[in-house]
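Respectively, the protein sequence lines represent chains A and B.
When we follow this note's numbering, the leftmost residue of the first sequence carries the number 431, and every step to the right adds one.
When we follow this note's numbering, the leftmost residue of the second sequence carries the number 431, and every step to the right adds one.
Please note that the accuracy of each hint is not assured.
The list makes no distinction among identical chains, and a pair is therefore deemed to hold if it is satisfied within one copy or across any two copies.
Below, computed lysine to any residue pairings styled on SDA-like, alpha-carbon distance capped at 20 Å [claimed, not checked]: (1) Lys458 x Gly477; (2) Lys470 x His534; (3) Lys538 x Ala500; (4) Lys474 x Glu537; (5) Lys538 x Lys551; (6) Lys551 x Val536; (7) Lys475 x Gln527; (8) Lys551 x Gly477; (9) Lys474 x Gln527; (10) Lys551 x Gly453; (11) Lys538 x Gly471; (12) Lys470 x Ala542; (13) Lys551 x Glu511; (14) Lys475 x Asn547; (15) Lys470 x Gly482; (16) Lys551 x Gln525; (17) Lys551 x Ser456; (18) Lys551 x Tyr452; (19) Lys551 x Pro541.
If you're looking for bench data, these hints aren't it; they were derived computationally from the structure.
2 protein chains.
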Amino acid sequence: MKREFLVQNPRPDGYHLMMELYGCDSEKINSRRYLHNLIKGAVKKAGLTNLGSRFHQFQPHGVTGFTLLAQSHISFHTWPEFGYLVLDIFTCGDQDQADRLADHIVEKLQPARVSTNVVRKGFKYPRTL
Amino acid sequence: MKREFLVQNPRPDGYHLMMELYGCDSEKINSRRYLHNLIKGAVKKAGLTNLGSRFHQFQPHGVTGFTLLAQSHISFHTWPEFGYLVLDIFTCGDQDQADRLADHIVEKLQPARVSTNVVRKGFKYPRTL
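The whole structure should be built from the sequences, with the hints applied where relevant.
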């Protein structure tokens with residue numbers, strides 16, 4: 431499927447998972463490669479369409495990254511020195527897919543504690559185009 | 431400055447602006463080029479460090495994009511057919527810079543209405559590295 435022909439979800443009904451993962455393994459969340467593979471695997475497993483990613487390794491520690499999806503995005507920022515990872519998953523598509531993404535990431539990282547806030551976005555303005 | 435030597439903010443004190451812009455000009459928010467230049471200009475004006483971006487044009491309309499910053503990220507998704515744009519700005523750096531970014535984007539897009547939620551993240555776990 432060519433990217434140009436991807437069609438966005440017709441309704442801007444957003445589902446945003448704002449998560450904080452505490453007590454993560456510092457080595458894992460300090461590895462750009464580990465996190466890249468983790469996100470790639472989670473996107474594939476959830477059946478989402480990856481439009482491209484950027485990941486960045488900080489010195490002396492910390493990784494930040496995002497993956498743009500046809501159905502929206504994932505972003506994360508890590509503080510390995512605190513075992514702490516901030517994760518955002520926003521979708522205007524299937525909410526179950528977003529939940530599966532989150533579950534997969536949590537399952538792999540095995541944090542001691544997870545804080546999740548769900549924010550719903552969207553509205554019913556008349557179409558202008 | 432080489433990317434490799436960027437140092438992440440030492441404290442994971444996050445400031446997340448979750449914004450929704452209603453009644454935007456449909457042509458502007460349907461233009462990948464316009465939005466790319468807008469975000470690039472806003473990042474520069476706010477004095478933030480751009481680590482890379484991805485922007486994607488949907489058919490028949492809609493743009494989605496992401497800019498990774500040393501101080502965190504900006505993401506947006508547009509529904510030109512509703513004049514609607516979802517914007518997230520997350521920073522673990524200077525909150526004033528994030529506010530300036532948001533102000534610049536709103537000033538340029540001149541939406542009829544803006545909804546902003548501020549979410550604070552971060553915690554004080556003992557360092558593990």
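**Message:** Which constraints among the numbered hints does this structure fail? Numbers only, ascending.
**Reply:** Failing hints, ascending: 1, 3, 5, 8, 12 and 14.
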